[in-house]
Amino acid sequence: MFEWLFDPRYYPLILQGLTLTVEITLFGVFLGLLLGTLLAIGDIYGGKLVRGIIAVYVEFFRGSPLFVQLLIAVYTVPAILNLQIDHYLLAFLVFGLNSAGYQKGYMKGSMQTILDDQMAAGTSVGMSKVQTLRHVILPQAYRIVIPSWTNEFCSLTKSTSTLAFIGLLDLTGAGLSIKGATMQILPVWIVIGAIYLVWITGFSKIMDIIYEKKKIPGVELIMQ
Amino acid sequence: MDGWQQLIFLLEGVPLTLSISIFSFLIGIAVGLPLAFIRVYEKEIGFVVDAYEKIWRGIPEIVLLLLIYFGLGPYFPFPFGNAFFVACFVLGLRSGANQSQIYRGAIRGVGDEQMIAGSSVGFSKWNSIWHIMIPQVFTFSTPGLASEYALLIKDSAYVYVIGLAEVTTRSLQLKAMPPVDFVTPFVLAAVIYIALTFPIAFTLDRWGNRRKKKIGL
Amino acid sequence: MTEYVMEARHVYKTYRIKGTKKEDTKIVEAVKDVSLQIRKGDIKLIFGPSGSGKSTFLRCMAMLDIPDKGEIYLGDQCLTKPGVDLNKARARIGFVFQHIYLFRHLTALGNVELALRKVLKLPKEEARKRALAALEEVKVTECINKYPSQLSGGQAQRVGIARAIVRSPDIILLDEPTSALDPELTGEVIDTLRDLAKEGTTMLIVSHEMPFARDVAEEMIFYDEGHIIETGPPSLFFNAPNTDRAKQFMTRIINRTTRE
Numbered sequence: 001m002f003e004w005l006f007d008p009r010y011y012p013l014i015l016q017g018l019t020l021t022v023e024i025t026l027f028g029v030f031l032g033l034l035l036g037t038l039l040a041i042g043d044i045y046g047g048k049l050v051r052g053i054i055a056v057y058v059e060f061f062r063g064s065p066l067f068v069q070l071l072i073a074v075y076t077v078p079a080i081l082n083l084q085i086d087h088y089l090l091a092f093l094v095f096g097l098n099s100a101g102y103q104k105g106y107m108k109g110s111m112q113t114i115l116d117d118q119m120a121a122g123t124s125v126g127m128s129k130v131q132t133l134r135h136v137i138l139p140q141a142y143r144i145v146i147p148s149w150t151n152e153f154c155s156l157t158k159s160t161s162t163l164a165f166i167g168l169l170d171l172t173g174a175g176l177s178i179k180g181a182t183m184q185i186l187p188v189w190i191v192i193g194a195i196y197l198v199w200i201t202g203f204s205k206i207m208d209i210i211y212e213k214k215k216i217p218g219v220e221l222i223m224q
Numbered sequence: 225m226d227g228w229q230q231l232i233f234l235l236e237g238v239p240l241t242l243s244i245s246i247f248s249f250l251i252g253i254a255v256g257l258p259l260a261f262i263r264v265y266e267k268e269i270g271f272v273v274d275a276y277e278k279i280w281r282g283i284p285e286i287v288l289l290l291l292i293y294f295g296l297g298p299y300f301p302f303p304f305g306n307a308f309f310v311a312c313f314v315l316g317l318r319s320g321a322n323q324s325q326i327y328r329g330a331i332r333g334v335g336d337e338q339m340i341a342g343s344s345v346g347f348s349k350w351n352s353i354w355h356i357m358i359p360q361v362f363t364f365s366t367p368g369l370a371s372e373y374a375l376l377i378k379d380s381a382y383v384y385v386i387g388l389a390e391v392t393t394r395s396l397q398l399k400a401m402p403p404v405d406f407v408t409p410f411v412l413a414a415v416i417y418i419a420l421t422f423p424i425a426f427t428l429d430r431w432g433n434r435r436k437k438k439i440g441l
Numbered sequence: 442m443t444e445y446v447m448e449a450r451h452v453y454k455t456y457r458i459k460g461t462k463k464e465d466t467k468i469v470e471a472v473k474d475v476s477l478q479i480r481k482g483d484i485k486l487i488f489g490p491s492g493s494g495k496s497t498f499l500r501c502m503a504m505l506d507i508p509d510k511g512e513i514y515l516g517d518q519c520l521t522k523p524g525v526d527l528n529k530a531r532a533r534i535g536f537v538f539q540h541i542y543l544f545r546h547l548t549a550l551g552n553v554e555l556a557l558r559k560v561l562k563l564p565k566e567e568a569r570k571r572a573l574a575a576l577e578e579v580k581v582t583e584c585i586n587k588y589p590s591q592l593s594g595g596q597a598q599r600v601g602i603a604r605a606i607v608r609s610p611d612i613i614l615l616d617e618p619t620s621a622l623d624p625e626l627t628g629e630v631i632d633t634l635r636d637l638a639k640e641g642t643t644m645l646i647v648s649h650e651m652p653f654a655r656d657v658a659e660e661m662i663f664y665d666e667g668h669i670i671e672t673g674p675p676s677l678f679f680n681a682p683n684t685d686r687a688k689q690f691m692t693r694i695i696n697r698t699t700r701e
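As you go down the protein sequences, you meet chains L, V and D in turn.
So the first sequence is numbered by our numbering: it starts at 1 and just counts up by one.
So the second sequence is numbered by our numbering: it starts at 225 and just counts up by one.
So the third sequence is numbered by our numbering: it starts at 442 and just counts up by one.
FYI, nobody ran anything at the bench for these hints, they're computed from the structure.
Note that this is a predicted model, so its numbers are computed, not measured.
Note that beta-carbon positions come from the ideal geometry of N, C-alpha and C, so glycine has one too.
Treat the hints with caution; some may be incorrect.
Simulated restraints, written as ranges between beta carbons of each label pair [claimed, not checked]:
id, chain 1, residue 1, chain 2, residue 2, range
1, D, 689, V, 336, 38 to 48 Å
2, L, 181, V, 254, 33 to 43 Å
3, V, 359, D, 636, 30 to 40 Å
4, V, 254, L, 198, 26 to 36 Å
5, D, 583, L, 194, 45 to 55 Å
6, L, 53, V, 298, 30 to 40 Å
7, D, 507, L, 46, 18 to 28 Å
8, D, 609, V, 359, 38 to 48 Å
9, D, 666, V, 267, 27 to 37 Å
10, L, 12, V, 267, 42 to 52 Å
11, D, 455, V, 336, 38 to 48 Å
12, V, 336, D, 468, 32 to 42 Å
13, V, 306, L, 5, 29 to 39 Å
14, L, 59, V, 239, 38 to 48 Å
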């Protein structure tokens, strides 16, 4: 049943698939973190118009499935713009924008845990709001948000399996190919599942260790 | 098909979406609640709960759907040959893992003092849990549960891979039908999902906040 | 040229506390037509019942809260005029918070240095020298490389004071600096404040530490329900206040003070 595992013909396929999965996930969570921070700041300090736009953005990306967002990106957007756009590029963007929708919430919560007192302290020594955000609030907020960010990473990785169904070669896509070639269904999916499990659990464990080292004692984000 | 007909075609998938998400949510409660209490109150077998949560956190739902439906289905057509069952099974157990975490946080938030108070009036451990902890735990968990339910509605889109004709599957069917329309099916699908997730999360949240303030949490 | 380091003229400040329902919103008139002048070297202490608005008034002086009406002057500069660079102004005011509010991700040294580097734009070595000098002055040199979570309340608050004085501000405002501390730890903070007073630092303190008030304050200001009710030297309040409300308050306080 598992003979195909020892056939090196399939290794490049798995490797290629795993690479794409890892690339898109990491790009997605990091772009999501950056954009999410901007959205959070905009939501805290922006006027009604800005907050309205952010609310619509977040509602769209959090209210609909990532799968549907991918379909829109890959089919609808090129059709409307009448352009041919590389599907890989679109996939990277969608995962980043989607993650930002969730991470805005995490960053906002993280910032608000410390915002009032640390902003008062920062302005009391003469720093501007921007300076305080940059040197006092964000350094702390990024540490507080690590557990939520790690959770988002796990979530996003699992969602990448949808890429196989828009024709991209991610780990699940590799599984589909191998399954088709070897006709071994159960063993293939067990192995693919195990690879995902190792990748996600391993990365989470590393992030947990980093969090233990970097966390600010006495301050934790209460997940809402 | 024109816009309205497409909309109706998609809406016909909504009952399936809702039933999958509702069943999965209920399975999630049935699994998650006991797991949470076991994790908090019976520390020796707590590692089982941790392992369970890790597995569901670490393997994509799509892979599990494919594995069970196409891998086990042929050998055990009942029940794993039934796509609806497999869908609720996978999403339900996944939800159980998420809900276990939510309830665990809520149990800690409600506080051990409540259990002590229960024993002081003569309740046994499990009686205290049933009569005192569980009602408060649910109230405390409403925001988390609201987002978990919204998540289930969205993840129901995954069942496309095992061929259930819910909203996302239908949108892809529409794309394949002439005339060529890559815009309407998917945009409408997104709107339908947003329409489904927005009010539910919103009202569950409000209801929970009001109850929380009433009992002074 | 004004002779006052800081002046408040007819300041008003109201804020709203939101309840669960719209009807539950409370309106608190924390500052109602309050005026105050502070000269160089003054040590004034504001005291009064909790919730009377003293802290709010102090924050208005530092422009941490913006007054609804009235003017705040720092020297000749009017801070409440629109278009004023508040950050520059706040760099000339030192503020010490009741709950300390140290920057938790920085060491004690880092906390004191930060404004010197980022606001006054001093080079690294000079910022470090001045920060170390300030920390030495408040006597926490053993803590310089520790993080706020590793400090006792008294040590943390002294670092907070160092952070406030390191910029050699024109005036230091202290908002109940010892109220959040355990009683055993307040002594170290009070000693630090005594030293600062001896050196001639201009201070405006909100506090209910009566022994400190009696020994160090030059003028005491009784504040209740948004108004300044009575002012005078400590001897006035501790022996025979003029107003009834001040008399009531002092009687209650003196009965409660068991530490002397």
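Hint-by-hint comparison with the structure:
For the hinted restraint 38 to 48 Å between residue 689 of chain D and residue 336 of chain V, the CB-CB distance of approximately 44 Å keeps it satisfied. As the Cβ distance of residue 181 of chain L to residue 254 of chain V is approximately 40 Å, the hint placing it in 33 to 43 Å holds. Between residue 359 of chain V and residue 636 of chain D the CB atoms are about 57 Å apart, so this pair departs from the stated range of 30 to 40 Å. Separated by about 30 Å at the C-beta atoms, residue 254 of chain V and residue 198 of chain L satisfy the suggested range of 26 to 36 Å.
Residue 583 of chain D and residue 194 of chain L have their C-beta atoms about 53 Å apart, which keeps the hinted 45 to 55 Å range intact. For residue 53 of chain L and residue 298 of chain V, the hinted distance range of 30 to 40 Å is not satisfied, since their beta carbons lie about 50 Å from each other. The hinted window of 18 to 28 Å between residue 507 of chain D and residue 46 of chain L holds, with their beta carbons roughly 19 Å apart. With their beta carbons about 59 Å apart, residue 609 of chain D and residue 359 of chain V fall outside the hinted range of 38 to 48 Å.
Hint check: residue 666 of chain D to residue 267 of chain V, Cβ distance near 54 Å, so the stated range 27 to 37 Å is violated. Between residue 12 of chain L and residue 267 of chain V the beta carbon distance is about 46 Å. The supplied range of 42 to 52 Å therefore holds. Range check, residue 455 of chain D to residue 336 of chain V: about 42 Å between beta-carbon atoms, so the 38 to 48 Å window is met. For the pair residue 336 of chain V and residue 468 of chain D, the beta carbons lie near 39 Å from each other, so the given range of 32 to 42 Å is met.
Taking the beta carbon of each, residue 306 of chain V and residue 5 of chain L are about 30 Å apart, inside 29 to 39 Å as hinted. A hinted range of 38 to 48 Å for the beta carbons of residue 59 of chain L and residue 239 of chain V is inconsistent with their spacing of about 24 Å.
Taken one by one, the earlier hints fail for this structure at numbers 3, 6, 8, 9, 14, listed in ascending order.
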